[in-house]
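Chemist: First to last, the protein sequences are chains A and B.
Offset between the first sequence (1-based) and my numbering: plus 289.
Offset between the second sequence (1-based) and my numbering: plus 115.
It is possible that part of the hints are untrue.
Between beta-carbon pairs, the in silico distance windows are [stated by the list, open to error]:
no., chain 1, residue 1, chain 2, residue 2, range
1, A, 306, B, 177, 42 to 50 Å
2, B, 130, A, 368, 47 to 55 Å
3, A, 291, B, 230, 28 to 36 Å
4, A, 309, B, 118, 25 to 33 Å
5, B, 141, A, 309, 29 to 37 Å
Partial list, derived from the structure: chain B residues whose beta carbon lies under 10 Å from chain A [claimed, not checked]:
no., residue
6, 157
7, 171
8, 218
To be clear, the hints were calculated from the coordinates, so they are not data collected in a lab.
Yeah, the Cβ is synthetic: ideal placement off N, Cα and C, and Gly gets one too.
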Amino acid sequence: AQSVTQPDIHITVSEGASLELRCNYSYGATPYLFWYVQSPGQGLQLLLKYFSGDTLVQGIKGFEAEFKRSQSSFNLRKPSVHWSDAAEYFCAVDRTEYGNKLVFGAGTILRVKS
Amino acid sequence: DTGVSQNPRHKITKRGQNVTFRCDPISEHNRLYWYRQTLGQGPEFLTYFQNEAQLEKSRLLSDRFSAERPKGSFSTLEIQRTEQGDSAMYLCASSVNRLRLGEQFFGPGTRLTVL
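Chain B extracted, bound-state conformation (with noise of 0.2 Å):
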């Protein structure tokens, strides 16, 4: 499968800990988005890499949360010290950064849950 991969799939955590996801996009992608979904809203961009390097991000990505990208292949989205709030489906796209060919491709999504 050459898709957008994100693990794990699922995550149940209590509050006040730490946890990361990886995304590993489609291989010839360079730019890597990551978006937040919570039930009954559409996905909320959070932030975006091309190759390495972070050129935007969010107001909805407060300090508790950090991205990055080291090598310009595969991210981690770290959320520290989660709370409540942060429930919600943490999905990753990677697109070609070409004119017109700005079509995102999006994995299946981590589902996270903290009680």
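If we strip away everything but chain A, and leave its shape as in the complex, we get (with noise of 0.2 Å):
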């Protein structure tokens, strides 16, 4: 069965600082990942997604993720984090490219300070 893990579940950066977010998946055959964002009151926003090519994908807001077959991981990262980016942060996996069932992970919560 497929599985997402993100070990952080808050984070907390200073505005203007690198930005990364960290998930592994488990499942055995080629992982179709995604990232979204949500803010309170806003539903799920795609930030990027991965299919399959070139392993590092950028995305919007200026977000970018690498998938590391190696190590089953796909993680969020953002060069300089504005206080618009604070939010929740969720990992998924589905099985197809298709667009079948997303599995998520548990979120982390990005906190920004001034």
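Now that you have both chains on their own, put them together as the hints suggest.
Modeler: Written as structure tokens, this is what we have:
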């Protein structure tokens, strides 16, 4: 069965500092990986996705993620965090490219201090 | 607004009552999903439809839960005889079932509180 682990429940970074949110997945076949962001009162918004090819994927709002098969990881990064990035971030895995069911991690709450 | 919409946004009910939620997907999307999210957790898959066919149901979807998508457009999720453990955010998402276009677009959710 698929599973996703986000080891950090909360992370606090200073505005302008770099960010890395960790995600590890467990899945036997080729995973299809996603990062979503959820702000209070808002629906989940897709930041980026990995289906195949280049293991470094670019997303919206200046985010990027790197797929490392050997480490079963798909960590999310941003070089310089803005106060508006404060939100909850979810990593998710799907077993197909067609859009099946997503298995989510428990999320990481990002706080940004000024 | 052409996104996924859900109604109501909030529902407070007493234990034992029935509730029904509605989801309107993005119009050209043929897949529709329901998830449940409890405090401090990520969304958990409940069920999904392709057009009007319900293709998969999670073990989380007890016999008190039923979902329909009668004409392949909007969907309803009904919970009968609600229990306090049903209190959660219920999320709906939709997608296009095409290769590499499996991105799911989520609605704002319906927050259920069972007293």
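Chemist: Are the hints correct? Go through all of them and say.
Modeler: Hint by hint, here is what the structure shows:
The given range of 42 to 50 Å is respected by residue 306 (chain A) and residue 177 (chain B), whose C-beta atoms sit roughly 45 Å from each other. Hint check: residue 130 (chain B) to residue 368 (chain A), Cβ distance near 49 Å, so the stated range 47 to 55 Å holds. About 35 Å separates the C-beta atoms of residue 291 (chain A) and residue 230 (chain B), a value consistent with the hinted range of 28 to 36 Å. For the pair residue 309 (chain A) and residue 118 (chain B), the beta carbons lie near 30 Å from each other, so the given range of 25 to 33 Å is met.
Residue 141 (chain B) and residue 309 (chain A) have their C-beta atoms about 32 Å apart, which keeps the hinted 29 to 37 Å range intact. Restraint check, residue 157 (chain B) versus chain A: the minimum CB separation of about 3 Å is within 10 Å; hint holds. Interface restraint check for residue 171 (chain B): the shortest CB-CB distance to chain A comes to about 7 Å, inside 10 Å, so the restraint holds. For residue 218 (chain B), the interface hint holds, since its Cβ comes within 10 Å of a Cβ in chain A; the closest pair sits about 6 Å apart.
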